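Trainee: Sequence:
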Amino acid sequence: MAIGQKLEEARNRKGISLREASESTKIRGDYLSAFEAGQFDIDLPEVYLRGFVRLYSRFLGLDQDAVLSDLNLEMGNTSSRSAKKSLGSLTPPDSTEGSDYSHAPAPPVKSSVEPANLPNLVKPLLIVVVGIVLLTIVILIAFSGGDDTNQGEIQDPPSGTPSITETNSSPSPSDTLTIAGEHSLRIAVIAPIQHLILRNEGGPFPETNQRTREFKNLPAGWEGTLTFKDSFKCYCSSLENLRFFVDDGSEKKIEGEGSGNFTWQPE
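Note that the numbering used here has the sequence shown beginning at 1, numbered continuously upward.
It is worth saying that the hints were derived from the structure and are not from the lab.
There may be inaccurate statements among the hints.
[What the hints assert, rightly or not] Calculated pairs, DMTMM-like style, for lysine to aspartate or glutamate (alpha carbon to alpha carbon, straight line, at most 20 Å):
1) LYS6 <-> ASP63
2) LYS252 <-> ASP230
3) LYS229 <-> GLU267
4) LYS216 <-> GLU240
5) LYS216 <-> GLU257
6) LYS6 <-> ASP41
7) LYS252 <-> GLU223
8) LYS253 <-> GLU267
9) LYS6 <-> GLU20
10) LYS229 <-> GLU214
11) LYS229 <-> GLU201
12) LYS252 <-> GLU182
13) LYS252 <-> GLU240
14) LYS26 <-> GLU46
15) LYS14 <-> ASP63
16) LYS6 <-> ASP30
17) LYS123 <-> GLU23
18) LYS229 <-> GLU182
19) LYS229 <-> ASP248
20) LYS252 <-> GLU267
21) LYS6 <-> GLU74
22) LYS6 <-> ASP65
23) LYS6 <-> ASP70
24) LYS229 <-> GLU207
25) LYS229 <-> ASP247
26) LYS253 <-> GLU240
27) LYS26 <-> ASP43
28) LYS26 <-> GLU8
29) LYS253 <-> GLU223
[To be verified] Pair ranges (Cβ atoms, derived):
30) GLU240 <-> LEU135: 32 to 40 Å
31) GLU251 <-> VAL130: 47 to 55 Å
32) GLN39 <-> LEU135: 41 to 49 Å
33) GLU46 <-> LYS123: 26 to 34 Å
34) GLU214 <-> VAL130: 28 to 36 Å
35) GLU23 <-> SER259: 56 to 64 Å
36) LEU126 <-> GLU251: 57 to 65 Å
37) GLN39 <-> PHE143: 57 to 65 Å
38) ASP248 <-> GLY131: 49 to 57 Å
Fair warning: this is a prediction, and the values are worked out from it, not measured in the lab.
Ideal Cβ placement from N, Cα and C applies to all residues, glycine included.
Go ahead and model the full structure; you've got the sequences and the hints to work with.
Mentor: Below, the structure is given as C-alpha cells:
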C-alpha cells in the first residue's frame with residue numbers, strides 16, 4: 001500500500017480532518033495533504049520532509065520506522081540522491097527491499113517541529129522589538145523637549161519673571177531676616193497646582209537631606225512647611241494659585257499667571 005494511502009486511512013480511522021491534524025502536529029495543512037496524495041517532491045529540505053512524515057506517522061499511530069522505510073524506497077536513499085546531484089547521473093536508485101536504506105536513522109522529531117513554530121515566534125519578537133524602539137523614542141523626546149524645560153527643573157529666572165508682592169503691606173518684626181540664617185517656609189495652595197518644585201540654594205532641606213523638593217497634583221487648601229537656608233528657587237505650574245510665608249511673616253504671592261520660576265532671598 002502506498003504511503004499516502006496509509007496516512008489517509010489512518011487519519012480517517014481516527015476520525016479527524018486535515019485541519020485538526022495540522023493544528024495538533026503544527027505541520028502545515030498543504031504539506032499533510034501532499035503527503036496523503038503521495039507527493040513528496042515539495043519545496044522542503046529532505047531532513048524536514050522526513051521529520052514531518054515521521055511526526056505525522058507517530059501522531060496517526062503508525063509504525064514510524066516502517067513508514068520511513070517506505071518513504072526511502074519511494075524517494076531513493078540519501079547517498080544516491082547526492083550522487084545524482086554531484087555527477088548529474090540519471091540512473092534511478094536501487095529500490096530493492098534488501099537495501100540498507102530502510103535502516104537509515106530518522107532525524108530527530110525536534111528539528112521537524114521547529115520550522116512550523118518559527119512564524120509563531122517571529123511575530124511576538126517583532127512586537128517586543130517595536131515596543132522597545134517606540135519606548136526609547138518617547139523617552140528621548142521627553143528628556144530633550146525644547147519648550148518644556150521648565151517642567152523638569154528650576155532655571156534661573158529671566159528678566160521678565162513675575163515679582164513677589166506681599167498681600168499685607170505692613171511688615172511684622174519677623175520679616176527682618178539674616179542672610180546666613182535658616183528660614184521657615186510655609187506653602188499654601190489656594191487652588192489646584194499640578195506641579196511645584198522648590199530648591200534650597202543654601203544646601204539640602206533638613207526634612208529630606210536633598211536640595212530639591214517636588215510636589216505634584218496639589219489640591220486647594222494644601223499646606224506644607226520646609227526649612228531652607230539663605231534663599232530658595234521655585235517653579236510652579238500655576239503661579240496665581242500659590243501663596244507662601246517666610247518665618248511666619250506676611251503672606252506673599254507672585255504677580256503673574258500660568259507656569260513660571262521665581263527666586264526669593266532676603267532683602
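Trainee: Does each hint fit the structure? Answer for all of them.
Mentor: Hints versus structure:
no.: 1; hint: LYS6 <-> ASP63; in the structure: holds, 11 Å
no.: 2; hint: LYS252 <-> ASP230; in the structure: holds, 17 Å
no.: 3; hint: LYS229 <-> GLU267; in the structure: holds, 14 Å
no.: 4; hint: LYS216 <-> GLU240; in the structure: holds, 16 Å
no.: 5; hint: LYS216 <-> GLU257; in the structure: holds, 18 Å
no.: 6; hint: LYS6 <-> ASP41; in the structure: holds, 18 Å
no.: 7; hint: LYS252 <-> GLU223; in the structure: holds, 14 Å
no.: 8; hint: LYS253 <-> GLU267; in the structure: holds, 16 Å
no.: 9; hint: LYS6 <-> GLU20; in the structure: holds, 18 Å
no.: 10; hint: LYS229 <-> GLU214; in the structure: holds, 18 Å
no.: 11; hint: LYS229 <-> GLU201; in the structure: holds, 7 Å
no.: 12; hint: LYS252 <-> GLU182; in the structure: holds, 18 Å
no.: 13; hint: LYS252 <-> GLU240; in the structure: holds, 11 Å
no.: 14; hint: LYS26 <-> GLU46; in the structure: holds, 18 Å
no.: 15; hint: LYS14 <-> ASP63; in the structure: holds, 15 Å
no.: 16; hint: LYS6 <-> ASP30; in the structure: holds, 17 Å
no.: 17; hint: LYS123 <-> GLU23; in the structure: holds, 18 Å
no.: 18; hint: LYS229 <-> GLU182; in the structure: holds, 4 Å
no.: 19; hint: LYS229 <-> ASP248; in the structure: holds, 15 Å
no.: 20; hint: LYS252 <-> GLU267; in the structure: holds, 14 Å
no.: 21; hint: LYS6 <-> GLU74; in the structure: holds, 14 Å
no.: 22; hint: LYS6 <-> ASP65; in the structure: holds, 14 Å
no.: 23; hint: LYS6 <-> ASP70; in the structure: holds, 11 Å
no.: 24; hint: LYS229 <-> GLU207; in the structure: holds, 13 Å
no.: 25; hint: LYS229 <-> ASP247; in the structure: holds, 12 Å
no.: 26; hint: LYS253 <-> GLU240; in the structure: holds, 8 Å
no.: 27; hint: LYS26 <-> ASP43; in the structure: holds, 17 Å
no.: 28; hint: LYS26 <-> GLU8; in the structure: holds, 17 Å
no.: 29; hint: LYS253 <-> GLU223; in the structure: holds, 14 Å
no.: 30; hint: GLU240 <-> LEU135: 32 to 40 Å; in the structure: holds, 36 Å
no.: 31; hint: GLU251 <-> VAL130: 47 to 55 Å; in the structure: holds, 53 Å
no.: 32; hint: GLN39 <-> LEU135: 41 to 49 Å; in the structure: holds, 48 Å
no.: 33; hint: GLU46 <-> LYS123: 26 to 34 Å; in the structure: holds, 28 Å
no.: 34; hint: GLU214 <-> VAL130: 28 to 36 Å; in the structure: holds, 33 Å
no.: 35; hint: GLU23 <-> SER259: 56 to 64 Å; in the structure: holds, 59 Å
no.: 36; hint: LEU126 <-> GLU251: 57 to 65 Å; in the structure: holds, 59 Å
no.: 37; hint: GLN39 <-> PHE143: 57 to 65 Å; in the structure: holds, 59 Å
no.: 38; hint: ASP248 <-> GLY131: 49 to 57 Å; in the structure: holds, 52 Å
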